[in-house]
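Starting from the structure of chain A, add chains B and C where the hints point.
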Amino acid sequence: MLYREAGQFKTSYAADQAIFPIPQDRYMLAGILAIAFGVVPFVLNDYWVNAILLPFLIYALAAIGLNILTGYCGQVSLGTGAFLAVGAYSSYKLMTGFPEMNMLVVFALAGLITAAVGLLFGLPSLRIKGFYLAVATLAAQFFIIWLFYKVPWFFNYNATGQITVPPRDLFGFRLTGPEAVPAVRYLVTLSIVAVLALAAKNMARGHVGRAWMAIRDMDIAAELIGIRPLRTKLLAFAVSSFYIGVAGAMMFAIYLGAAESGETFGIQQSFDVLFMIIIGGLGTVLGGFLGAAFLVLLPIGLEAVLVEGLGLSTNFAEHVKLILLGSLIIFFLIVEPHGLARLWQITKEKLRLWPFPH
Amino acid sequence: MTEFSFFIEAVLSGLMAGVMYSLVALGFVLIFKASGVFNFAQGVMALFAGLTLVGLLQGTIPFIHTNNPAFALPPWAAILVTVAVMVVLAILIERLMLRPLVNQEEIILFMATLGLAYVLEGAGDILWGSDVKVLDLGLPQGASDWMLDTFNIYVEKIEVVAAVTAGILVTVLAIFFQKTRIGRALRAVADDHQAALSVGISLSTIWIIVWSVAGIVALVAGIMWGAKSGIQFSLSLIALKALPVLILGGFTSIPGAIVGGLIIGVGEKLAEIYAGPYVGGAIENWFAYMLALVFLLFRPQGLFGEKIIERV
Amino acid sequence: MNAEVTTAEAPAAAAAVADAPENDTAPAEERAAGHGAGAAPAPAPKETLLAVEDVSLAFGGVKALQNVSFDIAKGEIRAIIGPNGAGKTSMLNVINGFYHPQEGRIAFKGQLRRRMRPHFAAAQGIARTFQNVALFRGMTTLDNIMTGRALKMRRGILWQALHWGPARREELEHREFVEHVIDFLEIEHIRKTPVGRLPYGLQKRVELGRALAMEPDLLLLDEPMAGMNLEEKEDMSRFIIDVNEQFGTTIALIEHDMGVVMDLSDRVVVLDHGEKIADGTPEEVQADRRVIDAYLGVPND
Numbered sequence: 001m002l003y004r005e006a007g008q009f010k011t012s013y014a015a016d017q018a019i020f021p022i023p024q025d026r027y028m029l030a031g032i033l034a035i036a037f038g039v040v041p042f043v044l045n046d047y048w049v050n051a052i053l054l055p056f057l058i059y060a061l062a063a064i065g066l067n068i069l070t071g072y073c074g075q076v077s078l079g080t081g082a083f084l085a086v087g088a089y090s091s092y093k094l095m096t097g098f099p100e101m102n103m104l105v106v107f108a109l110a111g112l113i114t115a116a117v118g119l120l121f122g123l124p125s126l127r128i129k130g131f132y133l134a135v136a137t138l139a140a141q142f143f144i145i146w147l148f149y150k151v152p153w154f155f156n157y158n159a160t161g162q163i164t165v166p167p168r169d170l171f172g173f174r175l176t177g178p179e180a181v182p183a184v185r186y187l188v189t190l191s192i193v194a195v196l197a198l199a200a201k202n203m204a205r206g207h208v209g210r211a212w213m214a215i216r217d218m219d220i221a222a223e224l225i226g227i228r229p230l231r232t233k234l235l236a237f238a239v240s241s242f243y244i245g246v247a248g249a250m251m252f253a254i255y256l257g258a259a260e261s262g263e264t265f266g267i268q269q270s271f272d273v274l275f276m277i278i279i280g281g282l283g284t285v286l287g288g289f290l291g292a293a294f295l296v297l298l299p300i301g302l303e304a305v306l307v308e309g310l311g312l313s314t315n316f317a318e319h320v321k322l323i324l325l326g327s328l329i330i331f332f333l334i335v336e337p338h339g340l341a342r343l344w345q346i347t348k349e350k351l352r353l354w355p356f357p358h
Numbered sequence: 001m002t003e004f005s006f007f008i009e010a011v012l013s014g015l016m017a018g019v020m021y022s023l024v025a026l027g028f029v030l031i032f033k034a035s036g037v038f039n040f041a042q043g044v045m046a047l048f049a050g051l052t053l054v055g056l057l058q059g060t061i062p063f064i065h066t067n068n069p070a071f072a073l074p075p076w077a078a079i080l081v082t083v084a085v086m087v088v089l090a091i092l093i094e095r096l097m098l099r100p101l102v103n104q105e106e107i108i109l110f111m112a113t114l115g116l117a118y119v120l121e122g123a124g125d126i127l128w129g130s131d132v133k134v135l136d137l138g139l140p141q142g143a144s145d146w147m148l149d150t151f152n153i154y155v156e157k158i159e160v161v162a163a164v165t166a167g168i169l170v171t172v173l174a175i176f177f178q179k180t181r182i183g184r185a186l187r188a189v190a191d192d193h194q195a196a197l198s199v200g201i202s203l204s205t206i207w208i209i210v211w212s213v214a215g216i217v218a219l220v221a222g223i224m225w226g227a228k229s230g231i232q233f234s235l236s237l238i239a240l241k242a243l244p245v246l247i248l249g250g251f252t253s254i255p256g257a258i259v260g261g262l263i264i265g266v267g268e269k270l271a272e273i274y275a276g277p278y279v280g281g282a283i284e285n286w287f288a289y290m291l292a293l294v295f296l297l298f299r300p301q302g303l304f305g306e307k308i309i310e311r312v
Numbered sequence: 001m002n003a004e005v006t007t008a009e010a011p012a013a014a015a016a017v018a019d020a021p022e023n024d025t026a027p028a029e030e031r032a033a034g035h036g037a038g039a040a041p042a043p044a045p046k047e048t049l050l051a052v053e054d055v056s057l058a059f060g061g062v063k064a065l066q067n068v069s070f071d072i073a074k075g076e077i078r079a080i081i082g083p084n085g086a087g088k089t090s091m092l093n094v095i096n097g098f099y100h101p102q103e104g105r106i107a108f109k110g111q112l113r114r115r116m117r118p119h120f121a122a123a124q125g126i127a128r129t130f131q132n133v134a135l136f137r138g139m140t141t142l143d144n145i146m147t148g149r150a151l152k153m154r155r156g157i158l159w160q161a162l163h164w165g166p167a168r169r170e171e172l173e174h175r176e177f178v179e180h181v182i183d184f185l186e187i188e189h190i191r192k193t194p195v196g197r198l199p200y201g202l203q204k205r206v207e208l209g210r211a212l213a214m215e216p217d218l219l220l221l222d223e224p225m226a227g228m229n230l231e232e233k234e235d236m237s238r239f240i241i242d243v244n245e246q247f248g249t250t251i252a253l254i255e256h257d258m259g260v261v262m263d264l265s266d267r268v269v270v271l272d273h274g275e276k277i278a279d280g281t282p283e284e285v286q287a288d289r290r291v292i293d294a295y296l297g298v299p300n301d
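Quick mapping for you: the protein sequence lines, in order, are chains A, B and C.
Residue numbers are given in this note's numbering: position 232 of the first sequence equals residue 232, and the series is strictly consecutive.
Residue numbers are given in this note's numbering: position 15 of the second sequence equals residue 15, and the series is strictly consecutive.
Residue numbers are given in this note's numbering: position 89 of the third sequence equals residue 89, and the series is strictly consecutive.
The hints are simulated quantities; they were obtained by calculation from the structure and are not laboratory data.
Check before you lean on any hint, since a few could be wrong.
Derived DMTMM-like pairs: lysine to aspartate or glutamate, alpha-carbon spacing no greater than 25 Å straight-line [said to hold, decoys possible]:
1. A/Lys201 with C/Glu179
2. A/Lys348 with C/Glu188
3. C/Lys152 with A/Asp219
4. A/Lys129 with B/Glu105
5. C/Lys192 with A/Asp219
Away from chain C, derived, C-beta distances all over 10 Å, residues of chain A [as the list claims (entries may be wrong)]:
6. Arg26
7. Phe173
8. Glu179
9. Ile225
10. Leu306
As the structure is a prediction and not an experimental result, all values here were calculated from the model.
The beta-carbon is built from N, C-alpha and C at its ideal position, and this holds for glycine as well.
So here's chain A without its partners, still in its complex pose (with noise of 0.2 Å):
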C-alpha cells in the first residue's frame, strides 16, 4: 500500500530519467544516507568500523569498479587484486613522498595512476575478449604482485618488505595510522563511496554507459552502429581501474593502516570482488553494494553460527563457507544472474501491486 506509483505522473523527460523516479524510493535513500551520515557515526565504535563498515565501503567502491568493467562493459577480469595494489602502493608513495598532500588528492591520484596502469592492461581487449581477455588481467595480477614485491623502490626499501601508512590528517582531524578517528575514518570512506556511487550510476545511465552496455550485449552491432569498440572498452578500463585504485588506496591508508603486496592483494581478492558482483548484480551499482555486504558480512555469521554456535573449528567454518560461497555463485548464475539487486526490484515489483496483485 506504501508504495506505488498510481498518481504519480511523470510531466518531463527530466523527471522521467531521474536516478529514483518514483518518490518512496527517494525516500528511502534520503533516510539511509541520514542514519549513515547523521546516526552511525556517533554510535560506532571500533569492533564497528573495522570489521564491518570500513570492508563493507571499501569492498563496494572495489566492486562498483570491476562491474563497470565486467557488468557493464562485459569484459572479465580477474587482475582486481593487482588494481588495488596499485591503488594502495601509489597511495603510500604519495605519502611518504609528498608528506604535505591533501589526503583526497592522494586517493585521487592514486585512483588516476592505476587508470592509467588499467589502461596499458587493457589494449589486449583491441584483439580479445572473453576468458581469452581474463588471461590477459591475469597476468596483469601476477606481474604487478612480483613488481611491488621485488623492487624495493615500492616500498622504500625497508627491510620488512611491508608498506605502514605513515600518520596524515584531513582537515585537521586524524585519519590515518595507529591515532586514527574511527568515526572520521568511516565518515571519510563513507562520503568518498557515496560520491563515487553516484558519479558510477551517473555514467551508467548517460551514452557512455549505453556504449558500454551495447559493447558487452553485441560488439558488432555496436560497432556497426559508430561505437568504436577499443576506445569505449579502453574507457571502461581506465574508470573501472579508477575506482579499484581509489579503493586499494583506502583500503591500505584507511582500513588495513599495513599492506603487502602478494599477502594483501593476491589473486584472492581478484576472486571475491568478482563473486561480489555476481551474487551483487552485474551491471547495477546497487548490486556492488549488496555483494559487498554479502561477502563481509558471510563469514562474520558463519564463525557466529558455526564456531561460537555450534563449536566447531574455525578451519571447519572457513571450508563451509568455500563450499556454500561455491554454491550461491552457481544457484546466482542459474537462477538470477543479475544477482541480488534483481530479486530487490522484484520485490519492489511486487510491493508495487500488494495486497491486490491483480
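Showing chains B and C alone in chain A's frame:
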C-alpha cells in the same frame, strides 16, 4: 658440471614441469571441445581426485580426518574407487550445473566453474582434511642413476614416469577419439551441437562422459604431482598455469595442449635461470602469462587453433 | 589480402565510378533484353549516393561475390534479391565496412572509400539492421534506440559522471529526438521494456528505430520482414515507405517476399551465386529470363 649439461638439465626439468601443465591443459581442452565450457575448476579437480585417492589409500575417515588402517584400500582398488568418484562428480556437475545453464553465454559458464572450484576445494578439505598429504603409490623416487652416470645429468625418476604416463594417456585419448563410436560422437558435438543432436546423440550423455574423462585426466595429474611434491592446495594453482598453455596451444587442440605445456615449462625454466637473476628472480610466477599475452596479440587463435571468422 | 584500394588509385577510380553503369559486367544481351541498358536513358538523372564497382569477395576458396557492380541513387528504395547463398548479406557487409573486398571499389557520396572499420561507415551515415535481430538484449527499448545517437553525443566522461548542466541538456535533447522515433514506430508502450522480452516482430521494429535514430543517409535493411506475419509485414512496409518519403532516407533492403519487394522498391538488383544477374525496375527484373531461372531453379541446380 659443464655449462652444457646444466642447460640440458634445465631444459629437461622444464619439460617435466611442462608435462604437468599439459596434463591439466588436456583436461581443459577435452571439456572445452565437447561442451564449450572453459572449466576453471580443472586444477581443483586434480586436487580433489588426489585428496580422495590418498584418503582411500590411508583409510582416512571422511569429516573426521583420522586414519584407520582397517579401511585402507590397496592402490588398484583406491584408484578404481577414485575413478568412480570422479564419474559421480561428472554426473552431479551435469545435472546440477551444466543442464540448468545450457545455452547460456560462455562467460556465465566460465564463472560457474569458478564457483565449482570453490565448492570442490571446500568439499575436498572438509572430507579429507587440509594438511599436506604424502601420496605413496610405490612409484619410483629419487634421481635416475643411469642418467647421472651416463650423462652427468640429474633427472628424477618420477618425472620420467610422469612423462611416459602423459604420453600413454594422450595416445589412449587419441585412439578413443578417432576409433570408438563415442569418440566420434564427441567430435561431432564439438563441431556442431545441432548436428550431433539430429543424429541421435544425447548431449547429457556426452557431457557426462567428457567430464568423467576430464576427471580421470585430473586424477592422473593429481597422482603425478602428488607423488612428486605431495597433495596440497598448491596443486590447484597449476590450473592457473594451464591457462597460458591453452592460449599458446589453442583452446581446441589436444596436440596444442601438449606442445604449449612443454613450451611454457621449458620457457619459464630457462627464463628463470638466464633472465631471472637480472630482475630479482621469481619470474616463473608471471613469465607464462606474459608470453601468452604477447601471443594473444599476434596470434589470438593459438598455435593449433582454428581461425575465427566473425559473421553478422 | 591483395589489391586494396590505395590512395594513389583514387582519382582514376573515382572517375570510373562516376559512369559506373556503363562498366557493368553483366552480360550485355541480358541487360538489353531486360531493360533499357544502364542508367543513361533513365528519366530524371538522380544523384548517385553509393556506387559499387567490380567488387569481389572471397573467404579462402569460397567466392561470396564476383565482380558485382551497381549503384544506389539518392532517395530511392533499392532492393537486393536473390536465392539463398547468393551473397546478399555479404554485399551489405561490404557496404558497411564489416567485410573488406579483395577487389573493387566503393564510393559513398562521391568519395572513394578506403579500407576502414565499420564504425567509420556509421559515422559517414550508413545505418543497418540485421537478418537475425542484433539488439542489445540487456537494455530497454528506449536505451537501445538511444544508442543510435551515440555518434551525436559528445559530452565526455567527466560531464557524464556529473550528469548535470550540458551533459543533462544533451541527454534530454537526444531523448526528445528518440521519443519522436518511438512515436513514429508506434512503440510507446514498450519504451521501458528490456528488448529480450519482446516478441520478434517488435524487436525488428526496435532495431529499425535504432537505425533511424542515427539519422542515416543510407539505411541498409537485411530481411526486415523475415519471420513476420502478414499484419506485421504490412506495418513494416508502411514504416519503410514512410521513412523514405518523410525523411528522404535512401534505403537498400534485402527481402525474400517478392510481393513486398515489387511493391516497395524503385529498382532491384538480383544476385545469384555471388554474381549480378539483373538490375532494373521491378517489372524489368520480373521479366528477366535469368532471374526466373535462378528462382525456379534450373534442373541441374
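Here's how the hints hold up against the structure:
1. A/Lys201 with C/Glu179: 23 Å, holds
2. A/Lys348 with C/Glu188: 23 Å, holds
3. C/Lys152 with A/Asp219: 19 Å, holds
4. A/Lys129 with B/Glu105: 13 Å, holds
5. C/Lys192 with A/Asp219: Between C/Lys192 and A/Asp219 the Cα gap is close to 22 Å, so the pair holds against 25 Å.
6. Arg26: 16 Å, holds
7. Phe173: Non-interface label stands for A/Phe173: nearest chain C Cβ at 27 Å, farther than 10 Å.
8. Glu179: Correct as stated: the minimum Cβ-Cβ distance to chain C is 34 Å, above 10 Å.
9. Ile225: 6 Å, violated
10. Leu306: 38 Å, holds
Violated hint for the displayed structure: number 9, the only one.
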